[in-house]
Structures are given as C-alpha cells and as structure tokens.
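Quick mapping for you: the protein sequence lines, in order, are chains A, B and C. Numbered by the working numbering, the letters in the first sequence go through residues 1 to 350 in order. Numbered by the working numbering, the letters in the second sequence go through residues 1001 to 1252 in order. Numbered by the working numbering, the letters in the third sequence go through residues 2001 to 2298 in order.
I should point out that these hints are in silico values taken from the structure, not numbers from a laboratory. Any given hint might turn out to be false.
Here are the simulated distance ranges between beta carbons [claimed, not checked]: (1) B/Q1074 x C/G2245: 52 to 58 Å; (2) C/R2094 x A/F37: 53 to 59 Å; (3) A/T46 x C/A2272: 32 to 38 Å.
In this text, a Cβ means the ideal position worked out from N, Cα and C, and glycines have one as well.
Chain residues, written in single-letter form:
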Amino acid sequence: MKKIKYKPLKISSKYGILRIVIAILATFFILNFLINFGILSRYYSTILVFICVFIIMATSLNIATGFLGQLVLGHAGFMAIGAYTAALTAIALKEIITNDLLLFVISALAAVVTTAIAGLLVGTPALRLRGDYLGIMTLGFGEIVKVIITNLHITGGAQGLTGIPRIMTFPIAFWTTVIIVAIIYLFMNSRHGRAILSIREDEIASESVGINITKYKIIGFVLASLFGGVGGAMYAFQIGYLAPATFGFIKSVEIFVIVVLGGMGSLSGAIMAAIFLTYLPEALREFEKYRLLLYSILLITTMLFRPQGLMGTKEFSLTKALNKVIRSFVYVYNKFVSFFNKLFQKESEY
Amino acid sequence: MNVLEVENLSIMFGGLKAVDNFNIVVKKGELVGLIGPNGAGKTTIFNLLTGVYVPNEGSIKLNNVNIINVKPSQIVMLGSSRTFQNIRLFKNMTVLDNIKVAYHNEMDYGIFASIFKTKKFKDEEERANRVALELLRVFSLEAFSDEIAKNLPYGKQRKLEIARALATNSKLLLLDEPAAGMNPQETKELMETIRLIKDQFKVSILLIEHDMKLVMGICERIVVIDYGKIIAKGTPEEIRKNKNVIKAYLGE
Amino acid sequence: MNADLELFIRQLINGLNTGSIYALIAIGYTMVYGIIKLINFAHGEIMMFGAYFAFLFATTIPTDLPFLVIVIMAMVLAALMGVATEKIAYKRLRTAPRISALITAIGMSLFLQNLALLIFKPQPKVMPELISKKAIIIFGIGVPQITLYTIGISILMMIILSIFIKKTKAGKAMRAVSQDKDAAMLMGINVDGIISLTFAIGSALGALGGVFYSIAYTQVYPTMGVMPGLKAFIAAVFGGIGNVGGAMLGGYVIGIIETMTKGYISSRWADALVFGILILVLLFKPSGILGKNVKEKV
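Start from the sequences, fold in the hints, and give me the full structure.
Right, dumping it as structure tokens:
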C-alpha cells in the first residue's frame, strides 16, 4: 500500500466575508425557525439569549484584558450599571413607548451613556496603575458598585428591582450580539486597534513610536465598559428582575474565565468559550454545587498547561481547522499503511 | 538649526548623580557616537532625551523646541525616535504591523471611519501598507512582512527595530547598542545599513555602542562619558589617542 | 475612670486585637509578594483552613489537647498547605507573565473556598473556647483573655520573625532572593527552598491569625477568610507591599481605623472606609507608607 502525502488545503479568502455573512444568516434562520415552531422550547431560547449576553460580556472584556492587556477584575460592575440603567429607563418609559424594539434600543443607549461615563471615571485614574494594582483597583470598583446599588432606594436595594418589561427576544439578542462583535472586530482592524495591541505587547516601546498610551488605554477601557453595559441591559430585559448580589466578584470571575479559556485576544475564542461555559452549567444542572469548584480548577489548569487558552491571540480559521483535521487523518492513515506493510513483509519472508 | 541641543543636563537617583553636566549638539545629517564604560550613564541619557526621565537640571532642545516635561509619545511627534538595548518589538504582531504601529501618527482617520470602513480608511490603510512595505524593502525584510516578529532571527529583529524607528518619520534617530549580540559579519552589515539610512532618509543619528570597530568606522564625532560626566569629545582619531579615554576603559 | 475614656481605651484595645490578626495575615501577603512578586489571592483561604484545622483538632480528637499544641499543629498543617499550593500552582509560572500567575492565584482562592464548602458544608460551626473570653481587669478595664493572648502572642511572633529575617542565614537568604532571584541562585542559595520557606512562614502566621479570629468570633465557616483576607491585603498595600515592617504597621493601622469607625460612626461605613483607603493609597502612593518607588529599567 502506498502512503499519502499531506498537502494543505488552500481555500481562497476572496469570498471570506461573504462566507461569514452567509454563516451568520444561516445560524439565525435555523435557530429562529426552531424556536418559532416550538422545536426548541422556551427553556432553550432562554439559554440562547444568555449565551448572547455572555458573548457580549466576554468579547467586551476581551478589549480591555485580551487586546489591551490590562487586568480588569470588576467587569460585572459595568454589567450592573448597564443592567440597572436600562431597567430603570424601560420602567419609566414603558407606558409611553409601546414598541418593544424601540424601548430596548433607547434603554440600551441610556445604558451605554452611563457605563461609558463610569468607564471614563474609573479608567482615568485606575489605568495609571500597573498590572496587579490595576486588577485590585478594578476589583474594588466592582465591589463598590455593588455596595452603592444595594444602598440606593431607586434601585430597589438589596431586595432587587422588579417590574422590568421582559422584552428580550432571540432575534433582538442575536442581532445585537452580531452588531457588537462586528464593531469590535472592525475597530481592531484599524490603526486604533493596532495601537491598542501594541500597548499590550510593550507599553514602553509603544510610547517610543508615538502612541499616546494614556489615550488608548482609556479608549479601550471605555469601549469595554460600554459594550459590557449593553450586555447587562440585555440580561435585565431577559430576566425581568435584578439583584445586586448577582453582579459581584463571582460574576466578574465567570466572565474572566470565559476570556481566559477562549484565549485573551481572540474574539472567536471568546465566542466559543462563552457558548461552552454558558451552556455547560445548564446541561449539568445537578452538578450546580460543583460548578465554582470546576471553574476554579479549569482556571488553574488552563493557566498551567495552556495559558493561551483555546485560540491564543489568533482568530478561528476554517482553513487551518480543516487542514488540522486532514493532517490527522493522513497521519493515522499512514500509520495504518506502515503497519499493514510490515505485516505483509513478514509473511513474504516465509 | 541644530537637530539636538543639550546643555548642562543632570539627573540624580537617590544621592547619586547619574548624569552630570552633559552637553551635546547634533547637527543635521550628523552621525555622532556616545561611548563609555558600562554603567557610565549612556542609556540614562537616552532616557532623558526621550522623556522617560525628567532631568534635575539642564535643557534639551529638539529642532529648537524644549522637550523637558514633554510626554515621550509627543517627543516622537516632534522628531526623534529610538531603539532599545534589549530589543523591544511587538513580539506577537507581524513584522508589517510593527512598522504600521510606528506609522500611526502619519495616518488620519477616526474610530468612526474604522468601523464603517470609509473611503478615507481604505486609502490611508493602503498608503500605510505601501510605505511600510517600501521601508521593509530597504532593510531586505519585505519577505518576512507577514511573519510574527518574535520568530525572526536576532539580527533581523534588530533591523526591524531600526526600521520601525524610521517609520515614525523622525529626523533624529537614537540607537542604543544596535550591534549588541552581533557577530563581525552582522556588524559589518549593520554599518552598511546605518550608512544607507543616513544617506537615504537624511536623518541625524546619535549612537550608543561598545563595538569600537563600528564606532570608529562610521561615527563622524564621538562623545565619551564615564561616571555620568563627559571626559572627551572629538573625531574618532582624536578619541583613539585621548589619554583620559584610554584610562577610563583600561584602568590606571 | 471617666466613661468616655474607658470606651476609647476599650475600642483601642479592640483595634489592637483586630490589628494583630490583620498584621499576622498581612505578613503572609507581603512576604510572598516580596519574594515572587505575586499577590497570593489564596492567602485568606489558608487563614480559613488554619481555623478549620484548629477546630478539627479541638473537636474530633477525644482527648483535650492544650491550646499550644492545637495551634502549633494547625500552623504546621497550614504551612504544608501553603507550600503545596506554591509547588502545584505557582512554581511553574515563575517565568510566565504576571497576569498568568495572578489569574492562577484567583483560581486557587476560589478552589480552596469551594473545597472547604464541599468538605465542611456552608453552615458555620462553633469554635470551642480554647482561650476563655472572660475578662481580666487591667487598670480598671476588663479585657477578655483571648484579646490579651491575641495581642501578646502576635507581637511575640512578629518580634521573632524580625529577628529571624535580620539575623539568621535563612532570613538573609530570603532578603537576597526578594532583591534578585537570579543573583541569589548564583550565590548558591537554594531559591526553591527559600520560596517554600516563605510560603510556610506566611501561611503559618496567617493560620495563627485565623485561629485567634475564630475563637474571638466563635465561628468557622468556609468564606470566613474573604473579608479579613481582603482587609489584611489592604493593610499590606498600605504599609508597603513587600515590606514586612509595613505589613505589621499597616495591620494595626487598618485594624484600629476599622474598630474606631465601627465604634464611633457605624459598622456599614467601616468597610467602605477601608476600601476607600485602598483606593487612595493606590492612587497617591502605590508603594505604600514604608515602600520605595521602583522605576522600571528601560
């Protein structure tokens, strides 16, 4: 038998964007169909919305932690600010605005404004700090947000906020997510994106070629915050009820684990990890009490054995993935062939 | 107008005067060498000239503009750029992107344009791409343009760092031990490269080096410092014969 | 004695009590940071396990062991636990980017917390009164025995530690490793051993703090290390992270501020104030009171 020689597949990238657009549309129509015709129950459509929420939370955190390379441990704080702002806006306007989509858009915009301001206020002093200290500072910020929400009357305090119109639907969630991820991707593929990446790579070198690192650190941080706010808004409109305890350090860690697992600096990695880590707890409902234990073990083992996570700093490439599959098949086949040949050789020796 | 004018520059760290009354003038198109034993304060001077440290005394004028207390990124826009003793590339970015980052301030489009991919965005990116590849061509690196920077061999990494510094369109280049870790052949190539960029890009160069062959070979003028103070100034011939310099390097 | 003065002195003593506990825990943070530049998020959990070890020795062993024995055994176990976490999780990451080690530390902290939750169950358990809470009258003021023991033993431990660091060979080695690990290795110092020793001492002291804390508050529960750990960390940062004297100073300052705020203003504000101190220190003097500003070499 003859061995096969491995030749890498080369898929033309000319129609790359078209292929991605078709893939996104196909995913939407298939899932939407399944939901509308009851094949996927309400339970699953809820999970899909949560997956969208966490895709937004993870890709937004990725801007600050993955692309900018800054340790941000309080991202749930921005989720909270966005959630509460959107909720309160919607509660105030729900009598006036009857169109659900319009209500969501206006509330989400309000969330963007408040979260962006918060990001600016926190980021400007905090980003002067180095690594560990910045992490502690952002962790403190997250806790302070929780304390403030707990002690404010308007947010319903520790008991939580009820009466939020449950206007979230799968289409709204899906397309909001697509828009946000697209914006992040397009932004990173520009001189501004390169400036941000250069800060992660080597801050001092970045400054030495003329990049205003303070300006770009703040831009990155504020973008991360405001998209995180949109994620929070989406969450609020899905659940219909908000409690400050939801948005503590544990939530920040959950989002952080998604980013680490997916690869700090990879959008596709964050998306895949978000899908996996949001679906998994649902699938393993009986193991709820082991969830955080497993998360922590996952975090530790990832950092020890594969710190670059699933995708590292690269994006998922269909060509590369297919080539890996083909290469493994060829490898296995060739091993089989040599074994087979050895067998025949031995027989012919008699 | 002189590209660089430094007068009476001093800085103290704790109780130690790391740089003491340093003066230098670099004219347009000059290639000046800054040499001295290890720990003499050469890189400290570079850090002062690039805004990383703020001096205790003295003045620094870049193209007649005072740059003390000016942010390092702004000093680059005023016309000077540098390389580092231990190469500081953007390791996980491609060779081409390393150059493009340095070209950042020569481009002009905002965040809105990036997201909506306007015509301005496309034009500016195409121009940047062209200019970056041109630059890489000068350094014989264009074949590696899509390679990740950290995968480059050492000598090419050094060249890339110099190319990146040039991409900022600065008129004053501060090279910190560019020949460090190079064998004689690579050093010879480096000397050629430096001569080439001086002629082709019309830049002034201030160079820290330990490799005497390189220094004596290409520098028009040399300043020697020891313990933060200038101990000699002159042409390579004069420096070679200077008793103080010999004492500083070889001891009494 | 004047009632106001008595209240003040009482609060001061409480502050010294809390401060002693914070100082003991803060020392662990600062020593580990000083030697491998890592914020050991899991240190609060070591403190918690120290308390649980003491609880187990006090309640499960049929004979009545003396306080000293229980405490020493708890400290030894905690020291082993600290060394184990270093060997399992942190050692491999010594050359990795700092962010990786930090993430691992966060993971370790979560892991230990949830491990304790699974093993011991979330319900708090009652810590036996290994040292009586009965008051002894000193200068007309009643001071609980446990408070006297806490403050006394803590100060004794800190003095012993200071002498150890200054005078012994191992102490000198620790200082050398924290200044320049590679140079220390070239001098023939067993860097791995010194790092393990640092973790052992820090964990043991943290466990001691945990024991005192649990006797004073009568409870052990899996998340008991979170708040005191955080506050002790703030104390270490306040005093200058990496500086052992700073950790001791910071512990007492934070402890006294917290107690005074609780006593004279309100409990709710006490936590916010301590967090506020952290933010202020980070913004205006990140190197802490006794710390030095170290510029990164370019």
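Comparing the hints with the structure gives:
no., hint, in the structure
1, B/Q1074 x C/G2245: 52 to 58 Å, "violated, 41 Å"
2, C/R2094 x A/F37: 53 to 59 Å, "holds, 56 Å"
3, A/T46 x C/A2272: 32 to 38 Å, "holds, 36 Å"
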